[in-house]
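Asker: For reference, the chains in residue letters:
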Amino acid sequence: MWWTRLKALIVKELLAVLRDPKGRTVLIVPPILQLLVFSYAATLEVTNVDVMVLNRDNGHWSQDLIQEIDGSPTFRSIRFTDNPDEVRVAIDTQKVIAAIEIGPTFSRDIEASQPAEVQLILDGRRSNASQIVSGYLSRIVGTLAANTPAGKRTAPDAVSVVARNWFNPNLTYQWFMVPNLVASIALLIGLIVTALSIARERELGTFDQLMVSPLRTHEILIGKLIPPMMIGLFHITIYILAAVFIFGVPLRGSLLLLYGSAVFYLASVVGLGLFISALSMTQQQAILGAFLFMVPAMLLSGFATPIENMPSWLQPITYVNPLRYFLVIVKGVFLKDIPAVEVARQTIPLLLIAMVTLSAASWLFRRRLE
Amino acid sequence: MSDAAPFVRIVDVLKRFGNAPPALDHVAGEILGGRITGLVGPDGAGKTTLIRLMTGLMVPDAGKVEVLGFDTVTNAADIQASIGYMPQRFGLYEDLSVQENLDLYADLRGLPLPERVATFDELLEFTDLKRFTARLAGKLSGGMKQKLGLACALLRKPRLLLLDEPGVGVDPISRRDLWKMVENLTAEGIGVVWSTAYLDEAEACDSVLLLNEGKLLFSGCPAELTARVAGRVFKVSGIAHGRRQKLARYLDEENVVDGVIQGEAIRLVMRPDTKPPGLNDNPHGPSAATTAPRFEDAFIDMLGGGPGGRSKLAETQTPFVIENGRPVIEARGLTKRFGDFTAADAITFDIPRGQIFGLLGPNGAGKSTTFKMLCGLLKPSAGEGRVAGFDLRRDAAEARNRLGYMAQKFSLYGDLSVAQNLSFFAGVYGLSGARKRERIQLMIDIFGFGRLLDMSAKDLPLGLKQRLALACAVLHEPEALFLDEPTSGVDPITRREFWTHINGLVEKGVTVLVTTHFMDEAEYCDRISLIYRGRSIALGSPDELKAQVVSAELPDPTMEDAFVALVQGSEEKEAA
Numbered sequence: 180m181w182w183t184r185l186k187a188l189i190v191k192e193l194l195a196v197l198r199d200p201k202g203r204t205v206l207i208v209p210p211i212l213q214l215l216v217f218s219y220a221a222t223l224e225v226t227n228v229d230v231m232v233l234n235r236d237n238g239h240w241s242q243d244l245i246q247e248i249d250g251s252p253t254f255r256s257i258r259f260t261d262n263p264d265e266v267r268v269a270i271d272t273q274k275v276i277a278a279i280e281i282g283p284t285f286s287r288d289i290e291a292s293q294p295a296e297v298q299l300i301l302d303g304r305r306s307n308a309s310q311i312v313s314g315y316l317s318r319i320v321g322t323l324a325a326n327t328p329a330g331k332r333t334a335p336d337a338v339s340v341v342a343r344n345w346f347n348p349n350l351t352y353q354w355f356m357v358p359n360l361v362a363s364i365a366l367l368i369g370l371i372v373t374a375l376s377i378a379r380e381r382e383l384g385t386f387d388q389l390m391v392s393p394l395r396t397h398e399i400l401i402g403k404l405i406p407p408m409m410i411g412l413f414h415i416t417i418y419i420l421a422a423v424f425i426f427g428v429p430l431r432g433s434l435l436l437l438y439g440s441a442v443f444y445l446a447s448v449v450g451l452g453l454f455i456s457a458l459s460m461t462q463q464q465a466i467l468g469a470f471l472f473m474v475p476a477m478l479l480s481g482f483a484t485p486i487e488n489m490p491s492w493l494q495p496i497t498y499v500n501p502l503r504y505f506l507v508i509v510k511g512v513f514l515k516d517i518p519a520v521e522v523a524r525q526t527i528p529l530l531l532i533a534m535v536t537l538s539a540a541s542w543l544f545r546r547r548l549e
Numbered sequence: 095m096s097d098a099a100p101f102v103r104i105v106d107v108l109k110r111f112g113n114a115p116p117a118l119d120h121v122a123g124e125i126l127g128g129r130i131t132g133l134v135g136p137d138g139a140g141k142t143t144l145i146r147l148m149t150g151l152m153v154p155d156a157g158k159v160e161v162l163g164f165d166t167v168t169n170a171a172d173i174q175a176s177i178g179y180m181p182q183r184f185g186l187y188e189d190l191s192v193q194e195n196l197d198l199y200a201d202l203r204g205l206p207l208p209e210r211v212a213t214f215d216e217l218l219e220f221t222d223l224k225r226f227t228a229r230l231a232g233k234l235s236g237g238m239k240q241k242l243g244l245a246c247a248l249l250r251k252p253r254l255l256l257l258d259e260p261g262v263g264v265d266p267i268s269r270r271d272l273w274k275m276v277e278n279l280t281a282e283g284i285g286v287v288w289s290t291a292y293l294d295e296a297e298a299c300d301s302v303l304l305l306n307e308g309k310l311l312f313s314g315c316p317a318e319l320t321a322r323v324a325g326r327v328f329k330v331s332g333i334a335h336g337r338r339q340k341l342a343r344y345l346d347e348e349n350v351v352d353g354v355i356q357g358e359a360i361r362l363v364m365r366p367d368t369k370p371p372g373l374n375d376n377p378h379g380p381s382a383a384t385t386a387p388r389f390e391d392a393f394i395d396m397l398g399g400g401p402g403g404r405s406k407l408a409e410t411q412t413p414f415v416i417e418n419g420r421p422v423i424e425a426r427g428l429t430k431r432f433g434d435f436t437a438a439d440a441i442t443f444d445i446p447r448g449q450i451f452g453l454l455g456p457n458g459a460g461k462s463t464t465f466k467m468l469c470g471l472l473k474p475s476a477g478e479g480r481v482a483g484f485d486l487r488r489d490a491a492e493a494r495n496r497l498g499y500m501a502q503k504f505s506l507y508g509d510l511s512v513a514q515n516l517s518f519f520a521g522v523y524g525l526s527g528a529r530k531r532e533r534i535q536l537m538i539d540i541f542g543f544g545r546l547l548d549m550s551a552k553d554l555p556l557g558l559k560q561r562l563a564l565a566c567a568v569l570h571e572p573e574a575l576f577l578d579e580p581t582s583g584v585d586p587i588t589r590r591e592f593w594t595h596i597n598g599l600v601e602k603g604v605t606v607l608v609t610t611h612f613m614d615e616a617e618y619c620d621r622i623s624l625i626y627r628g629r630s631i632a633l634g635s636p637d638e639l640k641a642q643v644v645s646a647e648l649p650d651p652t653m654e655d656a657f658v659a660l661v662q663g664s665e666e667k668e669a670a
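Going down the list, the sequences are from chains X and V. Heads up, my numbering is the position in the first sequence plus 179, with the first residue counted as 1. Heads up, my numbering is the position in the second sequence plus 94, with the first residue counted as 1.
Bear in mind the hints are in silico, worked out from the structure with no lab data behind them. Careful, some of the hints might be misleading.
Each computed DMTMM-like pair below joins lysine to aspartate or glutamate, with the alpha-carbon atoms no more than 20 Å apart [to be verified]:
1. V:K552 x X:E382
2. V:K552 x X:E265
3. X:K201 x V:D553
4. V:K329 x V:D367
5. V:K552 x X:D387
6. V:K503 x X:E382
7. V:K503 x X:D387
Just a few of them, taken from the derived set where beta-carbon distance is under 10 Å, the chain X residues facing chain V [stated by the list, open to error]:
8. A187
9. G202
10. E380
As the structure is a computational prediction, the values presented were derived from the model and not from experiment. C-beta: ideal position from N, C-alpha, C; glycine also.
Let's have the full structure, built from the sequences with the hints guiding it.
Answerer: Below you can see the structure in the form of structure tokens.
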């Protein structure tokens with residue numbers, strides 16, 4: 180009996196989303212946009228850099244340095260100048276991100292085994308990119324320094340660093356981003372589909388119809404929770420397939436663990452969505468509420484910036500963010516074979532959050548009925 | 095322009111939206127100054143479209159509309175400067191006071207400042223809103239909102255006033271006030287267009303354009319239309335019991351065009367030169383007398399008569415035994431307070447099995463609140479409501495399994511198809527397997543959904559939506575039916591069909607609670623509670639209520655007369 184009722188409600192919820200052109204749009208457009216934008220456009224890598232060189236030196240060492248820069252794939256073009264004012268203008272108008280000034284005694288100093296200097300001017304407005312460009316250039320200068328007579332003499336004694344990146348050997352940006360997206364798409368879809376469901380019924384006046392049916396309050400709640408979770412799992416699956424087959428991200432861990440924890444993750448997200456839905460009177464309010472939660476949730480999750488970099492007073496807030504825990508699991512399952520114990524350690528907070536959000540939502544839901 | 099020239103000339107107008115059948119199908123007509131022209135027809139007949147064409151907000155696909163000598167396509171601005179238009183939901187700003195709304199519309203219409211004081215004064219006097227200038231528009235009653243809307247439309251005295259369904263959501267008393275105001279305007283030579291779905295309002299107009307499904311059925315004086323059925327309308331009385339079965343039998347007679355219940359009596363429209371059958375033999379039995387025809391009688395006659403009296407729905411219903419036990423629906427001192435406002439105050443009544451009980455009252459009087467408490471949508475502040483012996487708050491699920499609910503506005507799932515809606519409601523009421531298939535198939539056969547199963551419910555015409563809503567409400571054979579203004583805006587044929595089903599079900603022992611502000615609908619009830627300002631001010635059968643207000647001026651009061659008199663009586667009592 181209760182199963183008949185619940186099944187009817189779940190089927191209806193799925194149909195209501197799928198048959199509504201607006202509902203279908205929500206399910207199709209944002210996921211595709213998110214996949215394209217985040218994996219191709221929102222790249223954190225620095226490429227296609229333009230630099231300017233102000234070379235006052237006539238020796239071959241400066242020519243070597245310029246050739247090294249020119250040969251590096253990071254840099255797109257090099258502009259030459261002999262006027263310091265032009266450097267100022269080029270950086271100011273963002274024609275170049277960095278300028279290298281080589282002094283007149285550069286080659287002579289090197290030949291004389293004296294300290295030689297190169298000045299690097301960077302555009303501080305683009306702090307992140309500048310830092311990375313500075314790193315690249317320093318490395319090039321360092322290589323050059325090792326080849327100077329003085330450098331060669333000291334080389335055997337110098338400490339050499341050999342860097343090797345585990346899990347993502349070539350530091351491919353998409354290996355990092357696409358697993359993140361698996362978690363964020365589930366957040367987006369779970370939140371919006373749930374938030375809209377009750378608000379839509381309120382707006383259309385069908386909610387009263389549900390309330391006078393023999394469906395009990397908890398059945399309505401369950402019936403409202405399961406369909407968004409199913410849709411969320413569907414999107415997770417699509418994204419996993421895209422990650423493996425389109426972006427070539429390795430899948431090293433257990434899918435079972437991923438899906439198992441995804442259920443708890445979705446439960447906590449859907450609970451939040453239901454909470455927003457119970458608070459909103461119209462679909463517009465529900466969408467707005469969902470985004471009001473989602474933007475800070477993305478920023479406070481470790482999605483783009485590491486949580487460890489946040490000020491210590493802000494970090495505790497991330498403890499209540501379900502995305503934070505699921506990101507660890509998704510990245511772990513994809514890039515390394517994350518052990519079950521670690522998955523469990525991340526899933527327990529998800530379980531707690533789900534319990535809190537679901538009971539808060541059902542409390543508010545019941546209260547709103549009075 | 096001479097007085098004789100019509101204010102509006104509608105010439106063979108065609109208007110179509112998308113692929114649907116035309117909203118207006120070659121409509122032609124004239125609207126004269128100095129009189130009220132009724133634009134009459136059920137919802138979806140094309141009334142609003144025609145009004146919007148007259149304002150120049152919309153352009154016809156073919157034909158043309160001329161307003162005050164201007165063509166709506168080329169001179170829309172000239173027209174808009176000299177008409178007043180009150181849309182269905184007039185754009186009052188609910189968070190502004192009455193005075194602020196007037197100021198705003200005076201600004202928008204460019205009313206010169208020096209004229210304002212006098213104009214406001216006159217309009218507030220005219221609409222009787224002077225006492226409420228500081229009140230927020232959102233806090234006004236439905237009738238007062240319409241009056242304020244009218245005042246705003248009249249700020250610059252228009253030559254033509256277009257009113258789109260001004261009577262909706264307004265109680266009969268305010269409706270009469272509003273009507274009087276508009277009548278006064280026509281005395282000044284203003285042309286008024288009053289659109290309505292209420293056929294009794296049509297009767298009072300100077301002339302009407304009767305629309306149905308986009309087609310013009312009649313244009314002229316309403317008396318001319320009603321005259322067509324003169325001498326063919328009978329009131330059959332003396333049938334205290336079994337009037338519903340009797341009506342069903344009448345409706346199946348060849349010569350009966352239309353029939354409705356009127357309290358204890360039956361009103362019949364016969365084919366020309368025929369008399370109600372089966373009345374001659376018994377002197378103590380029912381008797382029939384001709385009675386004055388009404389606009390609705392003629393309308394139905396024009397559409398070729400109402401539906402038959404058989405309800406396949408009722409025939410397949412398993413009867414509920416009418417035992418002499420407790421009533422099926424009970425209200426005991428139901429009270430609901432919102433803050434310091436009492437929406438319903440100690441409402442008490444009970445409904446025995448197999449009866450129709452009506453909650454009648456103006457909007458905002460508390461009938462919906464009472465209704466919602468009884469079907470478990472609102473928690474009473476005091477008192478209790480029971481359905482089939484179950485308290486709706488405590489044993490909600492048991493009680494709800496036994497009730498069917500049909501909401502005021504179409505509230506099925508518009509994006510789901512007809513079949514999916516039926517399947518959903520069957521599932522929610524616990525039907526499964528063979529029984530589910532059987533019941534759904536039965537509804538499809540009864541209501542003729544066969545070809546429409548895959549259509550989204552929101553795309554159905556209004557009459558079919560109403561049928562689908564009824565089908566979903568009775569799928570599980572409920573003991574009690576809760577109907578919240580079930581037929582507002584529906585065409586009269588569908589309304590009759592609906593009541594044929596309800597009457598049939600009631601004969602099988604189903605108990606019905608209905609809220610309505612349709613006076614015709616009230617006539618179907620066995621008993622009525624008249625709710626006003628949160629209290630039940632009268633309780634009794636329709637004929638008892640009418641009898642309470644019989645006077646020298648009103649020897650044969652209609653339900654509406656009774657309503658107005660009882661409400662006014664209650665106000666006087668309160669004032670005393």
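Asker: Take the hints in turn and mark each one as holding or not.
Answerer: These are the hints, each one checked on the structure:
1. V:K552 x X:E382: Given that 20 Å is the threshold and the Cα spacing comes to 14 Å, the pair holds.
2. V:K552 x X:E265: Measuring from Cα to Cα gives roughly 67 Å; hence the hint is violated.
3. X:K201 x V:D553: Holds. X:K201 to V:D553 sits at ~16 Å (cutoff 20 Å).
4. V:K329 x V:D367: Distance ~16 Å between V:K329 and V:D367 Cα, so the pair holds.
5. V:K552 x X:D387: 18 Å, holds
6. V:K503 x X:E382: 12 Å, holds
7. V:K503 x X:D387: The hint holds at about 11 Å.
8. A187: Cβ of X:A187 sits 2 Å from chain V, so the hint holds.
9. G202: OK, holds: X:G202 within 10 Å of chain V, min 8 Å.
10. E380: 9 Å, holds
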